[in-house]
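Engineer: Sequence order for the protein chains is C and A.
Under this note's numbering, the first residue of the first sequence is numbered 1, with each subsequent residue one higher.
Under this note's numbering, the first residue of the second sequence is numbered 1001, with each subsequent residue one higher.
Keep in mind that a hint or two might mislead.
Claimed, not checked - Think about it this way: if two alpha-carbon atoms lie no more than 30 Å apart in a straight line, the pair counts; the simulated DSBU-like pairs of lysine-lysine are:
1) C:K37 with C:K107
2) C:K20 with C:K48
3) C:K358 with A:K1358
4) A:K1175 with A:K1352
5) C:K47 with C:K358
6) C:K175 with C:K358
7) C:K47 with C:K175
8) C:K59 with A:K1175
9) C:K358 with A:K1175
10) A:K1012 with A:K1048
11) C:K33 with A:K1358
These are computed hints drawn from the structure, not numbers from a lab.
Protein chains: 2
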Amino acid sequence: MVIKMTMFNEVKVIDDYSVKGFKAAGIHSGIRKNPNKKDLAMIYCEKKCNTAALFTTNKVKAAPITVSMANLADNRAQAVIVNSGNANACTPNGHEIARAMCELTAKSLEIDVQDVVVASTGVIGQELSVAPFVNGIPALVDSLSEIGFSDAANAIMTTDTFPKQSAVEFEIDGKTCRVAGFAKGSGMINPNMATMLAFIMTDVSISPELLKETLSIVNEDTFNAVSVDGDTSTNDMVCVMSSGLAGNTEIIGDGDDCQIFLRTLYTVMLNLAREIARDGEGATKLVGCIVSGAPNDSSAKSIAKSVVSSSLVKAALGAADANWGRILCAMGYAEGEFDVNQAEVAIGSVEKSITVCKNGTGVPFSEEEAYALLSESEIRIYIDLHSGEGHATAWGCDLTAEYVRINADYRS
Amino acid sequence: MVIKMTMFNEVKVIDDYSVKGFKAAGIHSGIRKNPNKKDLAMIYCEKKCNTAALFTTNKVKAAPITVSMANLADNRAQAVIVNSGNANACTPNGHEIARAMCELTAKSLEIDVQDVVVASTGVIGQELSVAPFVNGIPALVDSLSEIGFSDAANAIMTTDTFPKQSAVEFEIDGKTCRVAGFAKGSGMINPNMATMLAFIMTDVSISPELLKETLSIVNEDTFNAVSVDGDTSTNDMVCVMSSGLAGNTEIIGDGDDCQIFLRTLYTVMLNLAREIARDGEGATKLVGCIVSGAPNDSSAKSIAKSVVSSSLVKAALGAADANWGRILCAMGYAEGEFDVNQAEVAIGSVEKSITVCKNGTGVPFSEEEAYALLSESEIRIYIDLHSGEGHATAWGCDLTAEYVRINADYRS
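Isolated chain C (complex conformation) (with noise of 0.2 Å):
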C-alpha cells in the first residue's frame, strides 16, 4: 500500500497533553546527580497498544535500541520507561541493564515483559548500574497519572532547555480523538529514518500496519527534516502507541479517516521537530529552509538539509547577516542534479522575506532590513529553483559560541 498524505487543512493544536487510557510520570531516580533533575520517565497504557516505532540508522546502536527493536517485533506495547543522563550505549552490560529496566517495569506494572519499550539519553560509553531502577522504577508507577505527561517530557531531557510537548483533538468516525507527545533533542541531532526520542500517543483505533506506514511518511517529513549538528545519535527512537480507546471503527486503510490521522500525526510530529530545532545546543533561532520549483521532491529535500546543516550559514544567521553567498554554496554541494543558476532566494522572518539572489546572481537588497528580519527568532529561507514542482522543508538552527561551550563541557 503507498499512501500519499493529500490533506492539508489546519488542525486544532491543544494544550492539553492527555490521551485516552494512557498515564505517565517523570521523577528523580539519582541517575543524575543534581537532585533537582528529574531523570527517569515513563509511560503507561490501560492496554495493549498497537505500537509502531523507527531506530536510529546509526550502525553504532545503543543496548535499549537492540532490546526495543526485539520487544517491538509483535507490534504490540504497553509501557515505555526511559532514562536521561546516561545513553546506555558502548558499555559491556548494556544489555543487561536495559533488559533489567524491561524487567521491572513489567515487573511493578504487572504486564508482559515484551510489551515494555526502553530507552535512553545521556553520555555515551559509561557503565549505568541497576541500583536507582530498583527504587525508581516503583516510585514512578506509583506516582503515574493522567497529567504526568510534562512530568516525562521533563525527565527525557538533556542540554535541552525547555520539555517539547504537542497534542493535537479531532474527530474521526463522529468520535473525538487525540494525538499527542513528547520529545527531547537539543544535540547529537541529525535524524535518518528516525530520531532523537519522540513518544507519541494516541486513542484512535488503527491497524498496526497502517500506524508503521503513517510513522514513515509523516517522520520523513517532520524529524527527518531537522538537523541541529549532523550527528545522527546512537539512541534515535520514535514511537507511537495506539490505545484504540477513542470508539472509531478500526482504521485499516487509505480513505478520508486515514488522511485525518495522517494530517494530526503530522502537525504534532511538526510541531516536536521544529521544537527539537529551536532548542538546538546554544540556538537562539528557529530556521526553516523552504525550497520549491525543485526537479523533484528529493532534491529540494536535499539542498534543504544542507542549506540548514551548514555550518557557515549558520552562523552567519546567527549573526543576523544576510551573507546568501554561503547559502548559494550550501546549495552547491547537496546531493541531485539541478541547475543552481535559475535560483532565486529570499530571506527573512515568518512575517516577511526580502529577495536577495535571482538567477544565482545578488540582487541589490537593504542590509539594514535583511539585518532587522534576521534579528528576529524565527527566520525563513526560502528558494525556488525554477526548474519544477519539487520542494521540500527542512529545519534546524543558529550556530553559536554557546554550542561549542555546551559540547566542550558536556561529560565533565
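Given chain C, work out where chain A should sit, using these hints.
Structural biologist: Chain A in isolation, oriented as in the chain C frame:
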C-alpha cells in the same frame, strides 16, 4: 594506466621555496580595504608549463573556476593570477572580471591569454570591479622575483592566520629537482575531488597526462582527506605546473622516476593539507584520525573523515575531553559496511596514545593522562576495526567558540 604509490621513504623537506624557471609576487592592490593586507598574487614561469589542475565539485562554480577550466583544456599554462578578499562568485559580471584578469596578466607578461590560470577567494556574491587589477597587475609583474613565493602565499590568505608553504628537493635521472607549493585554507574546507587554493610548482620534466594522474592520486590522500567545517567551497582549485627545467628525461610512465615524483608531490601536498587543517578557523589543534583494519580503504576513509568532521568530537577535543563515545557515534554513521563491535580506539598526542575502547565498549583509562595528552597542539585518534586490511587517514581540527565568532563577523 593505473599507478599506485609504492614508495614510502622519507624525503628531504627544505625551506627554500624557489623552483627553477618560476617567479612570484604578492602585493596590495586595493581589493581589501586594509592597505597592510596583500590581496593579489602572481606566479610566472619563463616557459610554458605542462599543467594539471583539479577543481571544486560544488555545482556552484565561481567564474575564475570556469575560466581556468577553459584555459587549461590544453594542459598548458605559463602564469597564475589570484586575488583574495572577493570570491568573484555568484555575481553578474564574474566572467567578465575573470577574463579581464587573464587579459591584463597576458598583456603585462607578453604571453598568450590562454596560458593564464585565474583564481579568487573571499566573500561570495559581491561584485568585483576591474579597477584594482588595471594598476595592480602591471605592478605585480614589476615585482616578480625568484624569492617572491612568501609574498604570494601571504596575498592569497583570507581568515588564515599564517601562510602555508612546503618544498622538497630530490634527485631524478641524476638531476636535482624540486617540488614546492603554497596554499590557503581556513574556512569552507571540505574538499571533494579538489581543494581550497593550492599552487604547486616543479622543475621536473613530466608528461601532461602523467602530471594529471599523479595529481589525482596524491590529492585523494592529502587535500581530499581534510575537513575543517564540512562546507565544500565554490572556488576550490589545486594546480600543478611543471617547467621541465631540471633537465631530466621527461617522465612518461610508471617506474622509479614516477614513484619518486609521486612521493615528493605527496609530501608537499600532505604538508600543505595538514597546515590547512591546523589553521582551520578558530582551531587550536591539528587532529589526525588514522583508521586501520577496515574491510577496505573506502570504508576506512569514510570513517576517518566522519570522525574528524563531527562537531561533537571536535568540540570535545577543543576541551581536551576524552569523550570517546562521540568517536564511536561518528564512526557509526559513516558510510560503508563494518562491524563497530570489533573497534579498538586509542587517543592521544603524536608521541603517546592510550586505549579508551576495545570491542566497541569502553575500557578503564586515566582521565588525567588523557586530558594531558589531548591538551597538546597535535592530536591523534587511532581506530583499528580488526576486520581487514583497509586503512586511511583524515585530518581536521578542533571546534572552538572562535570559529563561530570568525564566521559571524566574516562579511562585515
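Engineer: Each hint: holds or not?
Structural biologist: These are the hints, each one checked on the structure:
As the CA atoms of C:K37 and C:K107 are separated by approximately 26 Å, the hinted pair is consistent with the 30 Å bound. A C-alpha spacing of about 13 Å is found between C:K20 and C:K48, which places the hinted pair at or below 30 Å, so the restraint holds. For the proposed pair C:K358 and A:K1358, the alpha carbon gap of about 53 Å is over 30 Å, so the pair is violated. For a cut-off of 30 Å, the pair hint linking A:K1175 to A:K1352 is broken: about 40 Å separates their Cα positions.
Only pairs whose Cα atoms come within 30 Å are accepted, and C:K47 paired with C:K358 is rejected, the gap being roughly 57 Å. Between C:K175 and C:K358 the CA atoms are separated by roughly 50 Å; this puts the pair beyond 30 Å, and the hint is violated. A hinted pair counts as satisfied when its Cα atoms are at most 30 Å apart, and C:K47 with C:K175 qualifies at roughly 19 Å. At roughly 52 Å between alpha-carbon atoms, C:K59 and A:K1175 are farther apart than 30 Å, so this suggested pair is violated.
For the proposed pair C:K358 and A:K1175, the alpha carbon gap of about 55 Å is over 30 Å, so the pair is violated. Taken as a hint, the A:K1012 and A:K1048 pair is honoured in the structure, with Cα atoms around 27 Å apart against an allowance of 30 Å. Of the pairs offered as hints, the one joining C:K33 and A:K1358 holds, with about 28 Å between alpha carbons and a cut-off of 30 Å not exceeded.
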